[in-house]
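Residue numbers (my numbering), protein chains in the order written: chain B, 1 to 100; chain Y, 101 to 202.
Quick caveat, the hints were computed from the structure, so don't treat them as lab data. Beta carbons: idealized from backbone N, C-alpha and C, even for Gly. Please note that a few of the clues may not be correct.
[To be verified] To give an idea of the interface, some chain Y residues facing chain B are shown, with a C-beta separation under 8 Å as derived from the structure:
| # | residue |
| --- | --- |
| 1 | Ile122 |
| 2 | Val124 |
| 3 | Phe171 |
[Unchecked claim] Which bits of chain Y does chain B cover? Going by a derived footprint, with three or more residues having C-beta under 8 Å, they are:
| # | segment |
| --- | --- |
| 4 | 107-116 |
| 5 | 126-137 |
| 6 | 148-156 |
| 7 | 162-168 |
| 8 | 172-183 |
[What the hints assert, rightly or not] Below, a sample of chain B positions facing chain Y; criterion: calculated Cβ distance under 7 Å:
| # | residue |
| --- | --- |
| 9 | Thr3 |
| 10 | Glu8 |
| 11 | Ala25 |
If you want the building blocks of each chain, they are given just below.
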Amino acid sequence: MTTQAFLELSINASFVMVMVSLAVAFVRLAIGPTLADRVVALDMMTVTIIAVCGVAAVATSVAALLDVALVLALVGFLATVALARFAERRDERRKEAKND
Amino acid sequence: MTDILISIFLLLGGFFALIAAIGVLRLPDVLTRMHASTKAGVLGSSLILIGVALYLQQTEISVRVIAIILFLMLTSPIGAHMIGRASVRDPKTKGSIDDLAD
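Just chain Y, with the same shape it has in the complex (with noise of 0.2 Å):
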């Protein structure tokens, strides 16, 4: 019963891992792509993390794998913020997303 609920865990983490980069190479422009490989590459990856926690069933195994999903959501907001803002100040880039022009 545990193996299949680690499967689906498992490739539920791939299947997004996978959606995620597919987004990255197709989206229009660099404020998509982020919003793709942002939300549905940690949340793939966070996923193919509880699988693990669940496979090898260790307290410290445990800590650990919610210690990186912590990390992972704490800091990829944070990057994202960053990235956004220098793209949105780049000017080469300013006139494809022209929305957020002044």
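With the rest of the complex left out, here is chain B (with noise of 0.2 Å):
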């Protein structure tokens, strides 16, 4: 086997390997009791979505992939961010609620 058909063989793999990954993290993210479980597995879709734009870039030899990567990368951390601290204080508001 030559080293090109290998490189190949594994970019395949590495590819089945990301998106079985991306999809057991969307099972949990479908499946998980609360919503701090829900965040979790949204940032794990996240940053494996930044491995498939790598591999996508290897693939194809689109070098502008990195940057959608790069840009997947601050906004996945915005998003988390976002979220957290809405878990964080729905139960404080909550609270305020009821003793209106």
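Reassemble the complex: the two chains are provided individually, in unrelated frames, and hints are given to aid placement.
Put into structure tokens, the structure is as follows:
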């Protein structure tokens, strides 16, 4: 087997592994009992999609996919922080609503 | 020779991403799931991105890859800390993580 063929094979194999991990994280997003579980699953999916962009950049030699990965890292962090703040504030707001 | 190195990085990255996803699905509560997703997930995508930098071999690509990896390693502990604090303070999940309750 030439090294070129081995590279093609490993690109395909890592595509499959990354996509399977995306699907598994989506299962946790669907069934996760609490909001924190879902936020963790979304964070995991964002990091996995960055990996998908990397594998796609190797498979197609398109360098612009790395810009997509960079922007996704920025936006994913903001989404995680916003959802975590929301989950933390929800109970306080519930208590305030009860007192009123 | 470089092809084999790139292949090893890609396969290792995919393997760690898979391990992280299995951990997120199978571990028992929020804090242990977070432990799987932050550490193993960031390691997996960092390895894949190092493979991209070795494959394309341009300076601006390498700079971008280093920026993405640094940003992931900087932000994922912060995000995990915030989710963990929210879940510990949540009265619904407080029973399942009882060791930390006052």
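Taking the earlier hints as the rules, which of them does this structure contradict?
10
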